[in-house]
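Build the full structure now, drawing on both the sequences and the hints.
Numbering-wise (my numbering), the sequence shown opens with residue 1 and increments by one.
Calculated directly from the structure, the hints in this document are not laboratory data. All of these numbers come straight from a predicted model, not from anything done at the bench. Note that CB positions come from ideal geometry on N, CA and C, so glycine has one too. Careful: at least some of the hints might be erroneous.
Keeping only pairs whose Cα atoms sit at most 35 Å apart, straight-line, the calculated DSBU-like set for lysine-lysine is [said to hold, decoys possible]:
#1 71 <-> 81
#2 129 <-> 23
#3 63 <-> 179
#4 149 <-> 201
#5 226 <-> 215
#6 304 <-> 109
#7 179 <-> 149
#8 129 <-> 201
#9 122 <-> 201
#10 23 <-> 109
#11 149 <-> 71
#12 195 <-> 71
#13 23 <-> 201
#14 71 <-> 179
#15 149 <-> 23
#16 201 <-> 215
#17 149 <-> 226
#18 129 <-> 109
#19 201 <-> 226
#20 122 <-> 226
#21 122 <-> 179
#22 195 <-> 250
#23 129 <-> 195
#24 304 <-> 71
#25 250 <-> 23
Quick list of simulated restraints, FRET-style, between CB atoms [said to hold, decoys possible]:
#26 28 <-> 78: 17 to 27 Å
#27 347 <-> 26: 36 to 46 Å
#28 25 <-> 61: 12 to 22 Å
#29 331 <-> 257: 42 to 52 Å
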Amino acid sequence: MFANESAPVSTAPGFEVTIGGQKFDQANGGGVQMLVVEDHVDMVAMLTLRMGGNETQPRWTWKIGDDVTVKIGEGSREFFKGQITSMEPSYQVEGTSSITIRALDDTHKLGRGRQTRTFEEKSDSDIVKEVAGEMGLSVQAEDTGEPTKYTIQRNESNIAFLKRLAARNNFILRVEDGKLFFGEAQFSGSVYTIKMGDNLKSMRRSYNTTDMVQKVVVRGWDIMAKEPIVGQATTGDIQAIGGGQLGADKAGTFGDSTAYITDVPVTSQAQADKLAKSEMNRLARQYCRGSASIQGNEQVRAGKVVNFDGLQQGVNGEVFVLSSRHIISERSGYTTEFSFCATSEGS
Numbered sequence: 001m002f003a004n005e006s007a008p009v010s011t012a013p014g015f016e017v018t019i020g021g022q023k024f025d026q027a028n029g030g031g032v033q034m035l036v037v038e039d040h041v042d043m044v045a046m047l048t049l050r051m052g053g054n055e056t057q058p059r060w061t062w063k064i065g066d067d068v069t070v071k072i073g074e075g076s077r078e079f080f081k082g083q084i085t086s087m088e089p090s091y092q093v094e095g096t097s098s099i100t101i102r103a104l105d106d107t108h109k110l111g112r113g114r115q116t117r118t119f120e121e122k123s124d125s126d127i128v129k130e131v132a133g134e135m136g137l138s139v140q141a142e143d144t145g146e147p148t149k150y151t152i153q154r155n156e157s158n159i160a161f162l163k164r165l166a167a168r169n170n171f172i173l174r175v176e177d178g179k180l181f182f183g184e185a186q187f188s189g190s191v192y193t194i195k196m197g198d199n200l201k202s203m204r205r206s207y208n209t210t211d212m213v214q215k216v217v218v219r220g221w222d223i224m225a226k227e228p229i230v231g232q233a234t235t236g237d238i239q240a241i242g243g244g245q246l247g248a249d250k251a252g253t254f255g256d257s258t259a260y261i262t263d264v265p266v267t268s269q270a271q272a273d274k275l276a277k278s279e280m281n282r283l284a285r286q287y288c289r290g291s292a293s294i295q296g297n298e299q300v301r302a303g304k305v306v307n308f309d310g311l312q313q314g315v316n317g318e319v320f321v322l323s324s325r326h327i328i329s330e331r332s333g334y335t336t337e338f339s340f341c342a343t344s345e346g347s
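Below is the structure:
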């Protein structure tokens, strides 16, 4: 499997890596020492691959820009697809030489350079399709409704701009199945159950009411009608994640608090209400944060929901995965580490 066949069989999954047309898999590792795939709901996904070398293996001929695909586990679904963005060869007089390859998914193309421009009478979903299309990316964008009179990209990269549009719609922006996905996250419907004494290695979580509010108010100005625009959201607009009492409701013990947004332009009542609900949910997801390490499982990805079971009361239940790190190593087999959030304590 790996360079020295030392990975524990029980945690070593099937994998397939293709670099610039050259394929490596579990049966023909070709010097694969470590493979790490990381993803995050707010960041570009990254692959780190370390290859060992000796006189019996072919020369490394890969180059910056070569395509890389990774498949993990059963089936042929792609786990990662991107391009090589950096290479770090290392040579030693004693011991084996190695090369570390880093690749980023297609969204890295949106992070190069900055632009300032104005989009007139276009919805946010239309803007995403246009900007991503400029980079040759396939897009799956959920409709954001009415067009905005004007939307300004303010000396920012395309990725920062599109993530700002996602945030004000309570959407996420990430690559899924080879397409740039712009749409609502699914905060319920677990894809995997994690149990103490079974597949869970470690877990920690914290609860904090510091950022909790009971209301969000968005204030804007209608230039044409010359009248104020006021959007509001309350705890009733929170998309619950967990199973217990909302952190925002618990914070009400210390008295009601309100967050105001006055520096984001809104041109309609619908936009103001949508922005208020988005911010209300963003703040609510700050209540519970945690991290866990489990026996490797390719289903645990950023943007998915997993379920904890078998723990003490108040700690079980569903959580939303913010980031995941899948590590396949010749020494330790397959491990998945991930961070998560929830709007309440568990069940």
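Now the hints, each set against the structure:
The hinted pair formed by residue 71 and residue 81 meets the criterion: a straight-line CA distance of about 9 Å does not exceed 35 Å. Restraint check for residue 129 and residue 23: satisfied, since their Cα atoms lie roughly 33 Å apart, inside the 35 Å limit. Restraint check for residue 63 and residue 179: the C-alpha separation of about 24 Å stays at or below 35 Å, so the hint holds. Pair hint residue 149 plus residue 201 does not hold up; C-alpha atoms about 51 Å apart against a cutoff of 35 Å.
The hinted pair formed by residue 226 and residue 215 meets the criterion: a straight-line CA distance of about 26 Å does not exceed 35 Å. Straight-line distance between C-alpha atoms of residue 304 and residue 109 comes to about 24 Å, which keeps the hinted pair within the 35 Å bound. In summary, the hint linking residue 179 to residue 149 is supported, as the alpha carbons are separated by about 28 Å, within the 35 Å threshold. A threshold of 35 Å between alpha carbons decides the hint, and for residue 129 with residue 201 the separation of about 41 Å lies outside it, so the pair is violated.
A distance of roughly 48 Å separates the Cα atoms of residue 122 and residue 201; the hinted pair therefore is violated under the 35 Å criterion. For a cut-off of 35 Å, the pair hint linking residue 23 to residue 109 stands: about 25 Å separates their Cα positions. Note on residue 149 and residue 71: the hinted pairing is violated, with a Cα-Cα distance of about 44 Å set against a maximum of 35 Å. Taking the CA atoms of residue 195 and residue 71, the gap is near 25 Å; set against the 35 Å cutoff, the hint holds.
Pair hint residue 23 plus residue 201 holds up; C-alpha atoms about 32 Å apart against a cutoff of 35 Å. In summary, the hint linking residue 71 to residue 179 is supported, as the alpha carbons are separated by about 16 Å, within the 35 Å threshold. Restraint check for residue 149 and residue 23: not satisfied, since their Cα atoms lie roughly 50 Å apart, outside the 35 Å limit. Annotation: proposed proximity of residue 201 to residue 215 is violated, straight-line Cα distance about 38 Å (limit 35 Å).
With a CA separation close to 15 Å, the supplied pair residue 149 and residue 226 stays within the 35 Å bound. At most 35 Å may separate the alpha-carbon atoms for a hinted pair to count; residue 129 and residue 109 meet this at roughly 14 Å. Restraint check for residue 201 and residue 226: not satisfied, since their Cα atoms lie roughly 59 Å apart, outside the 35 Å limit. The straight-line distance between the Cα atoms of residue 122 and residue 226 is roughly 22 Å, inside the 35 Å bound, and the hint therefore holds.
Using a Cα cut-off of 35 Å, the hinted pair residue 122 and residue 179 holds, with the two alpha carbons roughly 22 Å apart. Restraint check: the Cα-Cα separation between residue 195 and residue 250 comes to about 27 Å, which is no more than 35 Å; the hinted pair holds. Pair hint residue 129 plus residue 195 does not hold up; C-alpha atoms about 41 Å apart against a cutoff of 35 Å. Proximity of residue 304 to residue 71 is assessed by CA-CA distance (about 18 Å); at most 35 Å being required, the pair is judged to hold.
Taken as a hint, the residue 250 and residue 23 pair is broken in the structure, with Cα atoms around 53 Å apart against an allowance of 35 Å. Between residue 28 and residue 78 the CB atoms are about 19 Å apart, so this pair conforms to the stated range of 17 to 27 Å. Taking the beta carbon of each, residue 347 and residue 26 are about 38 Å apart, inside 36 to 46 Å as hinted. At about 19 Å, the beta-carbon gap between residue 25 and residue 61 stays in the expected band of 12 to 22 Å.
At about 49 Å, the beta-carbon gap between residue 331 and residue 257 stays in the expected band of 42 to 52 Å.
Going through the hint list in order, the structure does not satisfy hints 4, 8, 9, 11, 15, 16, 19, 23, 25.
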